[in-house]
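For the protein sequence lines, the chains are U and Z, in the order given.
Count the first sequence with the working numbering and you get residues 3 to 238, in order.
Count the second sequence with the working numbering and you get residues -17 to 885, in order.
Careful, some of the hints might be misleading.
Derived pair list, reagent style SDA-like, types lysine to any residue, alpha-carbon separation capped at 25 Å [to be verified]:
| no. | chain 1 | residue 1 | chain 2 | residue 2 |
| --- | --- | --- | --- | --- |
| 1 | U | K107 | Z | S748 |
| 2 | Z | K743 | U | Q92 |
| 3 | U | K210 | Z | L660 |
| 4 | Z | K721 | U | A99 |
| 5 | U | K210 | Z | A705 |
| 6 | Z | K743 | U | S233 |
| 7 | U | K210 | Z | F193 |
| 8 | U | K107 | Z | I720 |
| 9 | U | K107 | Z | S690 |
| 10 | Z | K722 | U | G140 |
| 11 | U | K107 | Z | A753 |
| 12 | Z | K743 | U | A99 |
| 13 | Z | K721 | U | K210 |
| 14 | U | K210 | Z | E537 |
| 15 | Z | K743 | U | P191 |
| 16 | U | K9 | Z | A705 |
| 17 | U | K107 | Z | A874 |
Which chain U residues stay away from chain Z? Per the calculated CB distances, all over 10 Å, these [unchecked claim]:
| no. | residue |
| --- | --- |
| 18 | P108 |
| 19 | D154 |
| 20 | S233 |
Pair by pair, the computed Cβ-Cβ distance ranges are [stated by the list, open to error]:
| no. | chain 1 | residue 1 | chain 2 | residue 2 | range |
| --- | --- | --- | --- | --- | --- |
| 21 | U | R41 | Z | E719 | 40 to 50 Å |
| 22 | U | Q127 | Z | S654 | 22 to 32 Å |
| 23 | Z | L694 | U | V125 | 29 to 39 Å |
| 24 | Z | Q792 | U | D154 | 23 to 33 Å |
| 25 | Z | E719 | U | Q78 | 47 to 57 Å |
| 26 | U | D154 | Z | G783 | 36 to 46 Å |
| 27 | Z | R855 | U | V125 | 49 to 59 Å |
| 28 | U | P135 | Z | R849 | 48 to 58 Å |
| 29 | U | Q78 | Z | Q638 | 52 to 62 Å |
| 30 | U | D154 | Z | G870 | 48 to 58 Å |
| 31 | Z | E853 | U | D154 | 47 to 57 Å |
| 32 | U | Q127 | Z | Q714 | 42 to 52 Å |
Hints listed in this document are in silico derivations from the structure and should not be mistaken for laboratory results.
Idealized CB from N, CA, C, for every residue including glycine.
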Amino acid sequence: MTADGPKILLIEDEQEIRRFLRVSLVGHGYRLVESATGRDGVMQAASQQPDLMILDLGLPDIDGMEVIRQVREWSQMPIVVLSARGQEHQKVDALDAGADDYLTKPFSVGELVARLRVALRHVAQDTSEAGEPIFVSGRLRVDLACRQVFVDDVEIHLTPIEYRLLTTMIKNAGKVITHRQLLREVWGPDNAEETHYLRVYMAQLRRKLETDPAQPQFLLTEPGVGYRLSSCQSTE
Amino acid sequence: MPDQRPNPDALLARVQADEAKKARGKLKIFFGAAPGVGKTYAMLEAARKVGKEGADVVVGYIEPHCRPETQALVLGLDVLPRLEVDYRGAKLWEFNLDAALDLHPQILLVDELAHTNAPGVTHTKRWQDVMRLLEAGIDVYTTLNVQHLESLNDVVAQITGVVVRETVPDSILEHADEVELVDLPPDDLLERLREGKVYIPREAERAMANFFTKGNLIALRELALRRTAERVGEQMDVYRDRHAVRAAWPARERLLVCVGPSPFAARLVRATRRMAASLKSPWIAVHVETPRDADLSEADRAQLTQNLRLVEQLGGETAILSGQNVAEELVQYARSRNVAKIVVGKPKQPRWREIFRGSLVYELTRKCGDIDVYVISGDHEPAGAATRSLRTSPGSRGSYLWALAVVLISTGVSALLAFGATLEPTNLAMVYLAGVVAVALRLGRGPSIVAAVLSVAAFDICFVPPRWKFTVTDTQYLLTFLVMLLTGVVVSTLAARVQFQALSARRRERRTAALYAISRELAASPSRDQIARIAEQHVMAAADVRAVVLLPDKERKLLPATVGPAGFVLNVHEEAVARWAFEHGQTAGRGTETLPGSDGVYFPLSTSRGAVGVLGVSPGDTTPALDLEHLHLFEALAGLIALALERAELEAEADQIRLDIETERLRSSLLSAVSHDLRTPLSVITGAGSTLLDGDASLDPATRRELSASILNESERLNRLVANLLDMTRLQAGALEIKKQWQPVEEVIGASLARTARQLKDRSVSTDIAADLPFVPLDDLLIQQVLVNLLENAARYTPEGTPIEISARQEGQSIVVAVADRGPGLPSGDPNRLFEKFFRGGGAKPRIGAGLGLAICRGIVQLHGGRIQAENRSDGGAIFRFSLPLEGKPPAVPDAGGTGGEP
């Protein structure tokens, strides 16, 4: 089973973190390629053709952002970024530059594995191209073909923008999506800085879909970064 | 046996003087008796000599009309370009001070020390330029003729009959490092003059007729030689002092000179200065204000101000006394100031007036006791005496008409009384007397005399038989007339005196009140800006002027402290004058020696630590000139303002030091708290990890799990602690950037709950958020931190399983978010203490955290402009509330249909 698990490239300069990730990820059935520097990591990414990359943003030789940019020139492999707390703008930059998700140090292995799973699933969807015609997360059910939204089997009416916002979130379900990415997708590239639009519509969407907008089940906030649609398939 | 050693204060003063001299440039004066003796030539020769020895010599200014052999000496020396000044269309050449300061040569040659600069140049006099050069550390060679010395000015005028207007203070010659006398016998000088070596022939003839007579030259030569000899004598004295040759120091007795508004007082002042210099005594010039001063004309006042200013220029002290009796005031003041000699002018008033009014000299000599009185000849009137011819009292014609009216009324009343009650004419005289007294009281002396004369005439004509005829047959009516006249004069004099006293008392009162008011208000004002504002108001209230206080900013650039309509705005020129006053610590501007062409006068606000600002005063629309009294008042005010500013600065420094101490104290307690809080989880992790590693086989699965769990818990604790420390550090360093965006508060609450989900997993958390809550400008990351800290605190300090409630609602212009629990409530004492750093609540687990969480919360909320507070709930538990102000307007959103259009 170890032999055919997804291949992950870990670029991280701290040896202790590499050691603990190696133990945990191999234990979860992943194959692991390690690299301690950015330049070596880019080379490994090209030669080893991994399915996913875990990238620490604070590298000794080149900036993590630079690694993302170089890799994105020729590969769409998912990139999960590791960063320290208090560097939100770095995370947002990394996500906008093409990273798929992020984790704040310190993190638990459970969280990491969940993120990896989501990222790999999106690759699978993209390659199959079809996507699910029906999205289900807990009590929320969206029929993408008929453009219908149900909560607890009750149909909810959404305005066109609200619907577009929801479907964009669904396309990236489980992954964090930055304000700018959402704005570009829903309102177009000219409005990428109008975070306020997004907050207004997101609040409306929450009031329609969530039982308690202050304790959302589906539309989760990532402060300073963006939003994440919970992809939990089951109710609690 | 007197003490042989010089006194220590004097030694210290000498050391300081020596040090000051070291930094200053050296002044060498080539001193001569008259033009043409060869001073410039001698100066240039000396310059060439030191130039050959390698000194850096530059010619700063040499008179352009100088003589051929002198001209030849200039060749080969560096010459500073002259400053070209346009004055009323004419081109004038002046010494270029700024260029000289920029070039900063070792030795600079500046001819004609007594020269008066063209208007528009920084200083009025060249000797001021030279002082500036010396201050800058440049050595100066210069030339000076004896007739230009201030204290010899009138002596020279007496000898030669030519009044020299360009003068140099004696102190410059006295303090010069070297004086070289350039001497030429009068015959040789006359010979040179005839040969046209001094002036061009035509001018020479005129000069020879007026100034260069042999007698004049001999007298001037004597003056110059004597002056030089005096200097040598002084040097000898200094030498003797330094080497303790002299047994005792002479007592410092002062000289006092009495100054009035007469132009001849200047002569008296100069004479006193000469006496004081030869006695090496300090001297004071005193003007005594008497009731008669009220009659002084504008011109007299200006002359008085000028006289007193001359005193200050010559290095004397000035004082203005007021009183009735000049001699008494003088003697009293002289005693209080340890004055040994009083100098007065020889009276020039007629003998009869002396009999009536008494003589100042006579009175002084009678009252002075052991003080010597020197009477100097001159056309001078004693101090305080007004030139009576200049007396003008406005509206006087009206007063005389009034006097006439009073006499007519008296006549009318007398007529009624005479025919009604048939009174004796002698009694009717009383009615007239009453009228004269009334006129004297209200209208002054002149009208009262007129009233007396008219009254006697009217009385005589109307009531004394034979009627309707002006004949005085009876001697008793002559008496009536005399009594009336005397009464009128006496009463009017007394009334004038009282009025004057009231006036001067009012003026003094106003001055004192101004000083008192400003000092009281300044004492209570904490900030520099406030001090400046109060100062401006008070200066403007004290006199009809416009005032501005200029304070230096961090780059020491002077800026107006307040921008008020009442103050005045400085143009570039005025700013430069203010700047000069600030840098040199001397008053500058209008009416002073420096830059007198400016509109305002600028007083440096000097403190023990140098100037802290400048007070600028510009005359108001109704006061065209500022007299000496005003200048002194402003100087006093400037002193008070400077003190207040210094106090404010010292206070700010003390605050800063207190803050530093506090910070230091916090830092040490932080270190001890942190070291404890870091070590505890680390030892748990180390212990558990090593147990797991060593006892690999012997541990049962439950124990292994427990050990792993404690490693995880302690790591999380460490993580929190480190995060809090970082936040606190950033908050304190002011590095926490706040990026406010309009957003719904529920979003942040949701995110915080998600982040604390693990800590709150066994509790019921209810949220109560008002449905129509508006968006609020906040930094989501920071506010999330506040909520996470509050929620973690709730989880930590309340029993497991108890509920937590979060609410948010609008209260006025803010959104108030509250986190409430059902725990044991707050510890006793002031709840605000909770938000202090390193404060830890008691309760179940007191050891967790460094006591930073709530301090961070407060810091963040305050950054948002809100407030945070804690209190106990009435039905048990604690509640933490913080407010976020709703400031400004949220950006508009196109076609956002409120809560969204339901189809």
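Going through the hints against the structure:
1. About 29 Å separates the Cα atoms of K107(U) and S748(Z), which puts this hinted pair outside 25 Å; it is violated.
2. Between K743(Z) and Q92(U) the CA atoms are separated by roughly 31 Å; this puts the pair beyond 25 Å, and the hint is violated.
3. Pair hint K210(U) plus L660(Z) does not hold up; C-alpha atoms about 46 Å apart against a cutoff of 25 Å.
4. Proposed proximity of K721(Z) and A99(U) is supported: the alpha carbons are some 22 Å apart, at most 25 Å.
5. Distance check on the hinted pair: K210(U) and A705(Z) sit about 36 Å apart at the alpha-carbon level, beyond 25 Å; violated.
6. Between the alpha carbons of K743(Z) and S233(U) the distance comes to roughly 21 Å, so the proposed pair stays at or under 25 Å and holds.
7. Straight-line distance between C-alpha atoms of K210(U) and F193(Z) comes to about 111 Å, which puts the hinted pair past the 25 Å bound.
8. About 22 Å separates the Cα atoms of K107(U) and I720(Z), which keeps this hinted pair within 25 Å; it holds.
9. Simply put, K107(U) and S690(Z) have alpha-carbon atoms about 19 Å apart, close enough for the 25 Å limit, and the pair holds.
10. For the proposed pair K722(Z) and G140(U), the alpha carbon gap of about 33 Å is over 25 Å, so the pair is violated.
11. Straight-line distance between C-alpha atoms of K107(U) and A753(Z) comes to about 36 Å, which puts the hinted pair past the 25 Å bound.
12. Between K743(Z) and A99(U) the alpha-carbon distance is near 36 Å, which puts this suggested pair outside the 25 Å criterion.
13. With a C-alpha separation of about 29 Å, the suggested pair K721(Z) and K210(U) falls outside the 25 Å cut-off, and the hint is violated.
14. About 60 Å separates the Cα atoms of K210(U) and E537(Z), which puts this hinted pair outside 25 Å; it is violated.
15. Distance restraint check for K743(Z) and P191(U): the Cα-Cα separation of roughly 41 Å exceeds the 25 Å cut-off, and the hinted pair is therefore not satisfied.
16. At most 25 Å may separate the alpha-carbon atoms for a hinted pair to count; K9(U) and A705(Z) exceed this at roughly 34 Å.
17. Taken as a hint, the K107(U) and A874(Z) pair is broken in the structure, with Cα atoms around 37 Å apart against an allowance of 25 Å.
18. Not every Cβ of chain Z is farther than 10 Å from the Cβ of P108(U); the closest lies at roughly 5 Å, contradicting the non-interface assignment.
19. Against chain Z, the non-interface label of D154(U) holds: every CB pair exceeds 10 Å, the least being about 17 Å.
20. For S233(U), the shortest C-beta to C-beta distance to chain Z comes to about 15 Å, beyond the 10 Å cut-off, and the non-interface label holds.
21. Range check, R41(U) to E719(Z): Cβ separation about 32 Å, and the 40 to 50 Å hint is violated.
22. A hinted range of 22 to 32 Å is violated for the C-beta pair Q127(U) and S654(Z), which are about 55 Å apart.
23. Evaluation of the 29 to 39 Å hint for L694(Z) and V125(U) yields a pass: the beta carbon distance comes to about 31 Å.
24. Range check, Q792(Z) to D154(U): about 31 Å between beta-carbon atoms, so the 23 to 33 Å window is met.
25. Distance hint check for E719(Z) and Q78(U): the Cβ-Cβ separation is about 34 Å, which falls outside the suggested range of 47 to 57 Å.
26. Roughly 29 Å separates the CB atoms of D154(U) and G783(Z), a value that falls outside the hinted 36 to 46 Å.
27. Between R855(Z) and V125(U) the CB atoms are about 52 Å apart, so this pair conforms to the stated range of 49 to 59 Å.
28. Take P135(U) and R849(Z): their Cβ atoms lie about 52 Å apart, and the range 48 to 58 Å holds.
29. Hint check: Q78(U) to Q638(Z), Cβ distance near 58 Å, so the stated range 52 to 62 Å holds.
30. Between D154(U) and G870(Z) the Cβ separation comes to about 40 Å, which falls outside the hinted range of 48 to 58 Å.
31. The hinted window of 47 to 57 Å between E853(Z) and D154(U) is violated, with their beta carbons roughly 40 Å apart.
32. Range check, Q127(U) to Q714(Z): Cβ separation about 48 Å, and the 42 to 52 Å hint holds.
The structure does not agree with the numbered hints 1, 2, 3, 5, 7, 10, 11, 12, 13, 14, 15, 16, 17, 18, 21, 22, 25, 26, 30 and 31 stated previously, though it agrees with the rest.
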